[in-house]
Amino acid sequence: MIGQSPIRTFIAHAVLILGVLVVAFPIYYVLVASTHSLQTILRPPLPLVPGDQGWANYSTALFGGVGRIGGVAVGTLLFNSTVVALGIAIGKIIISLLSAYAIVFFRFPGRMVFFWLIFITLMLPVEVRILPTYKVMVDLNLIDTYTGLILPLIASATATLLFRQFFMTIPGELVEAARVDGAGPWRFFRDILLPLSRTNIAALFVILFIYGWTQYLWPLLVTNRSDMNTIVIALRKMISFADADTQWHLVMVTCVLAILPPVLVVVLMQRWFVRGLVETEK
Amino acid sequence: MASVELKDVRKSYGSTEAVKGVSIAIPDKELCVLVGPSGCGKSTLLRMIAGLEEITAGEVRFDGQVVNAIGPTERDIAMVFQNYALYPHMNVFDNMAYGLRNRGTPKDEIKRRVDEAAKRLELSHLLDRTPRQLSGGQRQRVAMGRAIVREPKVFLFDEPLSNLDAKLRGQMRVEIKSLQRALGVTSVYVTHDQLEAMTLADILVVMNGGLVEQAGRPLDIYEKPASTFVASFIGAPPMNLLKLSDLSVTAPAGAETLGFRPEDAVIASATSGLRLEARIEAVEPVGAESFLHGTTPGGRVILRAPGRSQVEVGERVAVNVPADKLHFFDAQGKRVEGQGVSVQI
Ligand SMILES: Nc1ncnc2c1ncn2[C@@H]1O[C@H](COP(=O)(O)OP(=O)(O)O)[C@@H](O)[C@H]1O
Ligand SMILES: [Mg+2]
Numbered sequence: 028m029i030g031q032s033p034i035r036t037f038i039a040h041a042v043l044i045l046g047v048l049v050v051a052f053p054i055y056y057v058l059v060a061s062t063h064s065l066q067t068i069l070r071p072p073l074p075l076v077p078g079d080q081g082w083a084n085y086s087t088a089l090f091g092g093v094g095r096i097g098g099v100a101v102g103t104l105l106f107n108s109t110v111v112a113l114g115i116a117i118g119k120i121i122i123s124l125l126s127a128y129a130i131v132f133f134r135f136p137g138r139m140v141f142f143w144l145i146f147i148t149l150m151l152p153v154e155v156r157i158l159p160t161y162k163v164m165v166d167l168n169l170i171d172t173y174t175g176l177i178l179p180l181i182a183s184a185t186a187t188l189l190f191r192q193f194f195m196t197i198p199g200e201l202v203e204a205a206r207v208d209g210a211g212p213w214r215f216f217r218d219i220l221l222p223l224s225r226t227n228i229a230a231l232f233v234i235l236f237i238y239g240w241t242q243y244l245w246p247l248l249v250t251n252r253s254d255m256n257t258i259v260i261a262l263r264k265m266i267s268f269a270d271a272d273t274q275w276h277l278v279m280v281t282c283v284l285a286i287l288p289p290v291l292v293v294v295l296m297q298r299w300f301v302r303g304l305v306e307t308e309k
Numbered sequence: 039m040a041s042v043e044l045k046d047v048r049k050s051y052g053s054t055e056a057v058k059g060v061s062i063a064i065p066d067k068e069l070c071v072l073v074g075p076s077g078c079g080k081s082t083l084l085r086m087i088a089g090l091e092e093i094t095a096g097e098v099r100f101d102g103q104v105v106n107a108i109g110p111t112e113r114d115i116a117m118v119f120q121n122y123a124l125y126p127h128m129n130v131f132d133n134m135a136y137g138l139r140n141r142g143t144p145k146d147e148i149k150r151r152v153d154e155a156a157k158r159l160e161l162s163h164l165l166d167r168t169p170r171q172l173s174g175g176q177r178q179r180v181a182m183g184r185a186i187v188r189e190p191k192v193f194l195f196d197e198p199l200s201n202l203d204a205k206l207r208g209q210m211r212v213e214i215k216s217l218q219r220a221l222g223v224t225s226v227y228v229t230h231d232q233l234e235a236m237t238l239a240d241i242l243v244v245m246n247g248g249l250v251e252q253a254g255r256p257l258d259i260y261e262k263p264a265s266t267f268v269a270s271f272i273g274a275p276p277m278n279l280l281k282l283s284d285l286s287v288t289a290p291a292g293a294e295t296l297g298f299r300p301e302d303a304v305i306a307s308a309t310s311g312l313r314l315e316a317r318i319e320a321v322e323p324v325g326a327e328s329f330l331h332g333t334t335p336g337g338r339v340i341l342r343a344p345g346r347s348q349v350e351v352g353e354r355v356a357v358n359v360p361a362d363k364l365h366f367f368d369a370q371g372k373r374v375e376g377q378g379v380s381v382q383i
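So the sequences go chain by chain: L and A.
One rule links them: number in this note's numbering = place in the first sequence (from 1) + 27.
One rule links them: number in this note's numbering = place in the second sequence (from 1) + 38.
Okay, chain L solo, but in the shape it has when bound (with noise of 0.2 Å):
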C-alpha cells in the first residue's frame, strides 16, 4: 500500500532521495575536482561547481604524464587497463562456455570428475594461490606482459557452473533435433548454443568486464615496469600519504577516466542485460 498516503509517500521519497544523494555525491565531487587546479582543492573550502581547468587537467592526465607513476600518460593505462579487463571478460566467456559445453553435452570418462574440479576451484580465488601463481608466472617470463596479467585469471568457476546451469534447461528435444538435421558438435554449439547463450553471454560480459577492470592484487605484483601498470594500480600510485606530493587534480581525472569505461560497458550492453532478463524463452 505504499503510496496511498500522502505522508508515506514523502517518507519514502525522502529515503530514496537521501540514499541517491549519499551515493552520488562522492562522484559529483570527483567530477567537480576535476575540473579545479590543485591550488583550489587544496585550499578549504571545497568547491561545488565545476572549475575552469578541466581542459588542462585532462589533457595533462591523458598525454602528458605523471610524474609520481613514473611519467606514463594516463591514456596508457587506460588501453592497458581495457586490454585486460576484455582479454580477462572474453576469455573467461569462451573458455567457461567451452568446458561447460563437454560438460553437459558429451559422455566421457572422468566428465563429474571434472565438474567437481571446476567446482572446487570456487573455493580458491586468487588471493589464496598467489605465490605458486607468480611463481609459475616468472618462470615463464610472463612478468610486465598481458598473457601475464589475463592468463592466471581467465579460467572461471563461476561463469562455467552458471553457463552449465543454463544448458541443462536445454530441452533434449532440440539437441535431438538438430542431430537429426545433421548438426554436428561445432554446428550445434555454433548455429544453437551460441545464439540461445547471447543473453547469459551479455550479462556475463558486463560482470566480468568489471571484475577484470578492478582487479587490484593480481596487477600489483605482475607488473614491475610503470607503462604496464592497470589504472587502477595507477591510482592508488598516485596517492601518496603527503597531501603536498599528491597531485589530487589529476587524481581526480584518474578517478574520472577509470570509471567511464565500465559505465559505458554497462550502458551500451543495458539492452542485452535486461533482455536476458526478461526474456524467459526455452
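Relax, there's no trap hidden among the hints.
Computed Cβ-Cβ distance ranges for the label pairs, DEER-style:
hint, chain 1, residue 1, chain 2, residue 2, range
1, L, Pro212, A, Arg338, 53 to 59 Å
2, L, Arg35, A, Asp203, 45 to 51 Å
3, A, Asp146, L, Val293, 42 to 48 Å
4, A, Lys157, L, Pro212, 30 to 36 Å
5, A, Gln120, L, Phe146, 32 to 38 Å
6, L, Met296, A, Ala220, 46 to 52 Å
7, A, Pro144, L, Val50, 55 to 61 Å
A few chain A residues facing chain L, derived, Cβ under 10 Å:
hint, residue
8, Ala88
9, Gly89
10, Gly109
11, Thr111
12, Met117
13, Gln120
14, Asn121
15, Met128
16, Tyr136
17, Leu138
18, Arg184
Under 10 Å between C-beta atoms, here's a sample of chain L residues computed to sit facing chain A:
hint, residue
19, Pro198
20, Asp208
21, Gly209
Since the hints were made in silico from the structure, they are not lab data.
No residue lacks a Cβ here, since even glycine has one placed at the ideal position from N, Cα and C.
Given the coordinates of chain L, work out where chain A with the ligands should sit on it, guided by the hints.
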C-alpha cells in the same frame, strides 16, 4: 522411401528392460502406428529407429540394410517431436532450412523446397516469424514442414498432436494422413490415443510393457483383438469383459473371459446368442448415441444405444449379443477362437 524392418529389437537401461524384443515389418510407403499406454516403450523404440538411442540387441533395417551403427543424420530420417523442438532463435524459414543447409543443399533449392512446404502447410505468410510468435497449431505445422523439406527416407512422429486441443488434433490427424499419402514416405507414428492410432494406421502395432501385443490392419485388430489388453485398449468405450464362471454360457475350451463391444449389444430379448440381464445404473447421452452403464452377473458392462435411449436408471433390461460378435480369452488373457452360445440368463 524405404521399407523398415525391426528384428527382435531390445533396449535396456541398466537392469531395466524398456523394449523386450520387438519385430515389425513396415512395407515401403506405409504408415505404422505404435500405440500403447504411457511408459510401454513406444518412444524408446521410435528413438532406436531414429538412431538417437543405441540398440541393445536386435537389428533395425532400412531397405534390407542394417542401420544399427549409423547415426540419425546418415539414416536420412526426419522426426517430429512432441514439443516440436523448434529452434527458438530462428525464424520459420530458417527452422525449415537448417537441416538442408547442414547437408549442403544449394541455396535456390532450399528456397524452392521451403516455399513449397510452406505453401502446402499454409505457412507462407509466417516465414519471417520466430516460433514464439506462433500459435500451437502453427508451431506444429512448422515442425511438420521441417520434416518434409528434407524429403527423407522415413518420417518419425512422437506424439506430435498431444499438445493440441481436441478440434485441432482432429484436423491435423486428417492432414497428416493425406500428407503422408501424397508424399509416399514410410512413416512410424507414436501415440497413446487409440482413436488417432485407428484412423491413421496402415499397420497398427499395439504395445504393452515393452512387447508387441498385436500388430496388423487396424480394423482386423478391432474385430479380432488378440488379448484382453488389446480388447480393452482399442475402441472407446472399451470392450466389455465378463468372467465366464459367473455366466452360464457354452464357451470354447480354455476360455475364461467373454467379451463383446458396446455397439454389438442389442437391448432386446432374442433366442440365439448371448442373453444377459443388466441393471442400468447410469445413462450417458452424447447426442447421436447413448451409453448405458449397467451391472450383470458377470460384471459391469457398457452398452451403446443409437440416438436417445428410453431406458431409465434402475431399469432391468435384456441384453442380446449375436454369437458371432462374442470374443473369448483364456486365463492369460489370450484370444481363444470359437463361438459360444448362451443357454440362459
Ligand atoms: N533414459 C532412460 N533411462 C532409464 N529409463 C528410461 C529412459 N528412457 C525411458 N526409460 C524407461 O523406459 C520405459 C519406456 O519409456 P518410453 O519409451 O518413453 O515410454 P512411452 O513413450 O511409451 O511412454 C519407461 O519405463 C521409462 O521409465
Ligand atoms: Mg513417449
